[in-house]
Amino acid sequence: MRLRHWSSAALLLLLIGTGAAAVQALQSGAESPVSLPNQDGSLKFSVLGDFGTGEQVQYQLAEQMAKLHERFKYDLVVLVGDNLYGAERPQDFQKKFEIPYKPLLDAGVKFYASLGNHDAREQRFYKLFNMEGKLYYTFTPKPNVRFFALDSTYPEPEQIRWLEKELAASSNDWKIVFFHHPLYSSGETHGSDLRLRAVIEPLFLKYNVIRPQRPRPYLRARQAAEGDRVLCRWVGGPVAGGQHRPGVRHYGEGIRYRSGVHGR
Amino acid sequence: MAETFLELEEKSSHEDQSPFAGSRTGLLSLVAAILLALSACARSDKQPPSPPATSESPSSAPATERVVGPLSPADAQALATMNDRLKQYVDLHRKIERSLPKLPKEATPRQIDQNQRGLEKLMRKARATAKPGDIFTPEARPVIQRLLATVFGGPDGKQLKASIMDEAQAAPSAAKLIVNSRYPDSVPLTTVPPQVLQTLPRLTEDLEYRFIGDSLILLDVHAHVIADFIADVVP
Chain A
0 MRLRHWSSAA LLLLLIGTGA AAVQALQSGA ESPVSLPNQD GSLKFSVLGD
50 FGTGEQVQYQ LAEQMAKLHE RFKYDLVVLV GDNLYGAERP QDFQKKFEIP
100 YKPLLDAGVK FYASLGNHDA REQRFYKLFN MEGKLYYTFT PKPNVRFFAL
150 DSTYPEPEQI RWLEKELAAS SNDWKIVFFH HPLYSSGETH GSDLRLRAVI
200 EPLFLKYNVI RPQRPRPYLR ARQAAEGDRV LCRWVGGPVA GGQHRPGVRH
250 YGEGIRYRSG VHGR
Chain B
0 MAETFLELEE KSSHEDQSPF AGSRTGLLSL VAAILLALSA CARSDKQPPS
50 PPATSESPSS APATERVVGP LSPADAQALA TMNDRLKQYV DLHRKIERSL
100 PKLPKEATPR QIDQNQRGLE KLMRKARATA KPGDIFTPEA RPVIQRLLAT
150 VFGGPDGKQL KASIMDEAQA APSAAKLIVN SRYPDSVPLT TVPPQVLQTL
200 PRLTEDLEYR FIGDSLILLD VHAHVIADFI ADVVP
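For the protein sequence lines, the chains are A and B, in the order given.
Position 261 of the first sequence, counted from 1, bears residue number 260 in numbering that gives the first Met the number 0, the numbering being contiguous throughout.
Position 67 of the second sequence, counted from 1, bears residue number 66 in numbering that gives the first Met the number 0, the numbering being contiguous throughout.
Warning: the hint list may mix true and false statements.
Said to hold, decoys possible - Using 20 Å as the maximum straight-line C-alpha spacing, the simulated SDA-like pairs for lysine to any residue come out as follows:
#, chain 1, residue 1, chain 2, residue 2
1, B, Lys101, A, Lys109
2, A, Lys109, B, Ala106
3, B, Lys101, A, Gly40
4, B, Lys94, B, Gln113
5, A, Lys109, A, Lys205
6, A, Lys133, B, Asp112
7, B, Lys104, A, Lys205
8, A, Lys205, B, Thr63
9, A, Lys126, A, Leu104
10, B, Lys101, A, Phe138
11, B, Lys101, A, Gly132
Source of the hints: derived by calculation from the structure; they are not laboratory data.
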């Protein structure tokens, strides 16, 4: 066993929610920005979900994301679904994705999507979502980091088998699985997906996976480690005295599954 | 606190081993993986076989296994009639799909839209006389209903129904289902829990089981068309 400071880890996760509360928090001047560990050579990425409305609040948040990117060069954004709400005509792809994120796309930031229940399945062919026609897939942005995108709206046995095979074959230091439905959430509307958790969490425990939590303004993710699940806070934006505060700035957290590790 | 967060890291034994790390075992694993991948590719173009009679139930099976059961020989025969209709549908779908420009894996929104709407138009035209029961045959319907009733009647049934109905309030058109109509753009797809998918016959990737209200629909996800449905399957 050895100790590791998360602040010096080779990977940084930045979770960005959407909705009015997130934008108000991003624009608020009441709280000074927290310095993010910005280590050279680290992989920095954002997680974005429930965003494709084409409404003003999405544009405001996209603007903040672009501003942040000017001083914190995250390499990629993983999309955790509900990428386009409602109609998905060509003009909707522009209004709900290409226009708001143009500064990031122009800066070379790549977006990797997973699909939510509001997303048409053809999104997997959309070149800017980098899914290569697949509903679930894997990619390796750096040699020691591997991402796995799942289709949690339709978790057939064949997909679960694929996930286990890919996790078992992966020798990457960082295995990060992302998908639409939260395994843990205190959200009042949707909450934790217990049926999905029962199926895939054992694989996360077995293969030491990181699971980014989908951010929501009302989400209060679990604070403490429970058994083999360690809640990790990657950067310090929302945290004051160890507590989450409503209306957070930029923050990141995930659940890291560590076989044989208890406590934090 | 976040920047001083510490983790006790224990390097597990499997992280120390590459699965293909220069050993005979590794080589065999690689060969096996290639063979599996090739066989998977070969299977992907075929209609999955109809499920055989079995006394097994999915409740005791791991999530990686599909167990359509328990099925009597008569049940299996009934599902075989559905499988035959599925094969006919998939053959038609693929024939029409081949007549359209091939959609690249990195497509523009315009290419995606044109391809999808073109397929929808041709599929609906080709099945202009389609009606409920054309695919979910009268023989197969009670079997599907019983399989689902078993899952929903189990100890997790309430949670499974809650998962499916999570955003059902956003589906006001549930009572107006029409076979061969376009799936409404304004209605989000229902999430289908793994425990439900595990007990239903496997489909090709062009087709999915979804729910609208209490109805199980067979959705052509590429054409956005409701290929068939069974009403009142969620107790």
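Hints and how they fare:
Distance hint between Lys101 of chain B and Lys109 of chain A is unfulfilled; the C-alpha atoms sit about 25 Å from each other, more than 20 Å. Taken as a hint, the Lys109 of chain A and Ala106 of chain B pair is honoured in the structure, with Cα atoms around 16 Å apart against an allowance of 20 Å. For a cut-off of 20 Å, the pair hint linking Lys101 of chain B to Gly40 of chain A is broken: about 40 Å separates their Cα positions. As the CA atoms of Lys94 of chain B and Gln113 of chain B are separated by approximately 17 Å, the hinted pair is consistent with the 20 Å bound.
With a C-alpha separation of about 30 Å, the suggested pairing of Lys109 of chain A with Lys205 of chain A is violated against the 20 Å cut-off. For a cut-off of 20 Å, the pair hint linking Lys133 of chain A to Asp112 of chain B stands: about 17 Å separates their Cα positions. This hinted pair does not check out: Lys104 of chain B and Lys205 of chain A have alpha carbons roughly 33 Å apart, beyond 20 Å. Between Lys205 of chain A and Thr63 of chain B the CA atoms are separated by roughly 15 Å; this keeps the pair inside 20 Å, and the hint holds.
With a CA separation close to 12 Å, the supplied pair Lys126 of chain A and Leu104 of chain A stays within the 20 Å bound. Proximity of Lys101 of chain B to Phe138 of chain A is assessed by CA-CA distance (about 25 Å); at most 20 Å being required, the pair is judged violated. About 12 Å separates the Cα atoms of Lys101 of chain B and Gly132 of chain A, which keeps this hinted pair within 20 Å; it holds.
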